[in-house]
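Please model the complete structure; the sequences and the hints are all you need to start from.
Using the working numbering, the letters of the sequence shown correspond one by one to residues 119 to 418.
Everything labelled a hint here was simulated from the structure, so no lab data went into it.
Treat the numbers as computed from the prediction; the structure is a model and nothing was measured.
All C-beta atoms, glycine included, are put in the ideal place defined by N, C-alpha and C.
Hints should not be assumed to be uniformly reliable.
Lysine to any residue pairs mimicking SDA-like chemistry, simulated, CA-CA at most 25 Å apart [unchecked claim]:
no., residue 1, residue 2
1, 150, 222
2, 150, 166
3, 385, 354
Now the in silico label distances, taken between C-beta atoms and shown as ranges [stated by the list, open to error]:
no., residue 1, residue 2, range
4, 221, 345, 43 to 51 Å
5, 366, 236, 18 to 26 Å
6, 239, 200, 28 to 36 Å
7, 173, 374, 24 to 32 Å
8, 354, 164, 31 to 39 Å
9, 340, 196, 46 to 54 Å
10, 339, 393, 17 to 25 Å
11, 180, 400, 44 to 52 Å
12, 255, 416, 57 to 65 Å
13, 340, 371, 35 to 43 Å
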Amino acid sequence: MRSDSVSVVIPCYNGESFIEETLRSVLGQTHKPTEIWVIDDGSTDASAEVAASVDDRVQVVRQENAGEAVARNHGIRLSTGDWIAFCDADDLWEPGKLERQLQGLAKDDALASCTGFFNFGDISDVHAPDGLQGYFSIEDVIRGIPSNMSTFLIRSECCPRFREGVSYGEDTLFFLDVVLRGALLYVSEPLVGYRRHAAGQSRFKATQLYRYLAKREWITRHAPSLGEDRAASCHFLNDNVFTCILDAAYYSRRMDHYVSLSRACRKETLPRSVESAASRVVLPGFVFRLYDRVMGMIGR
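Below you can see the structure in the form of structure tokens.
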């Protein structure tokens, strides 16, 4: 088997509207994938039929609805390539995505690679993290440097499994597991399009809390490997990042976002600093507008 053979794993749940375009972008790579696995996660629409009709190289496997983590793990088990790449069923790859990553990895001893990406759809912008010097660290992942699974390429023999039963944050846990195992090379070009639309997971405001909790649990579980000081530092960083998210929502007066997070926080046992940031008084909008106007007039 060639040392550059790539298996592509695409979990799909009710992706009928997007899956063909996604598959065309995967099939159109300058470095052709060896195999493409679409894991249909109990879709109730025609996702599986559409995917199977695109090209004979697309292999569709159906499973009962069990979530993205289970679907991706299913795809990992089926994959025979030396490398495994992941793509969500509504995202797009630029034609040179795999080729550019493999070129970088050929010059490097890293076990995986991810790339910059751009948002399209309801929101359009580019994510290319400032200050990232070639590799992701554990602290980078905890800090929340923008990344997503559709940018990911990893050596198959080093590929960890996704945490099943985790509703949100399984991608973050996967990134952390990879970085704990070895070097994760960052290719700065925005080679993946991340589709932003109403049904996307990123629209669920409480996702940020669940990712924070997932990272907190991961740090605690891996504290013996990290060492006491680094684990404490990672916990502090994680707490501070989530507190800043709460502060940003509150002080920019995005109260629907803040209230969603605050209500979700009440169900959890949180550090005092985080709990305090999630417990601020929320007043009617006109009160905040009056307060902000008065503060502006007195120069505060």
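Taking the hints in turn, this is what the structure says about them:
| no. | hint | in the structure |
| --- | --- | --- |
| 1 | 150 - 222 | 17 Å, holds |
| 2 | 150 - 166 | 22 Å, holds |
| 3 | 385 - 354 | 21 Å, holds |
| 4 | 221 - 345: 43 to 51 Å | 35 Å, violated |
| 5 | 366 - 236: 18 to 26 Å | 22 Å, holds |
| 6 | 239 - 200: 28 to 36 Å | 33 Å, holds |
| 7 | 173 - 374: 24 to 32 Å | 43 Å, violated |
| 8 | 354 - 164: 31 to 39 Å | 48 Å, violated |
| 9 | 340 - 196: 46 to 54 Å | 28 Å, violated |
| 10 | 339 - 393: 17 to 25 Å | 22 Å, holds |
| 11 | 180 - 400: 44 to 52 Å | 45 Å, holds |
| 12 | 255 - 416: 57 to 65 Å | 44 Å, violated |
| 13 | 340 - 371: 35 to 43 Å | 38 Å, holds |
In summary, the numbered hints that this structure violates are 4, 7, 8, 9 and 12.
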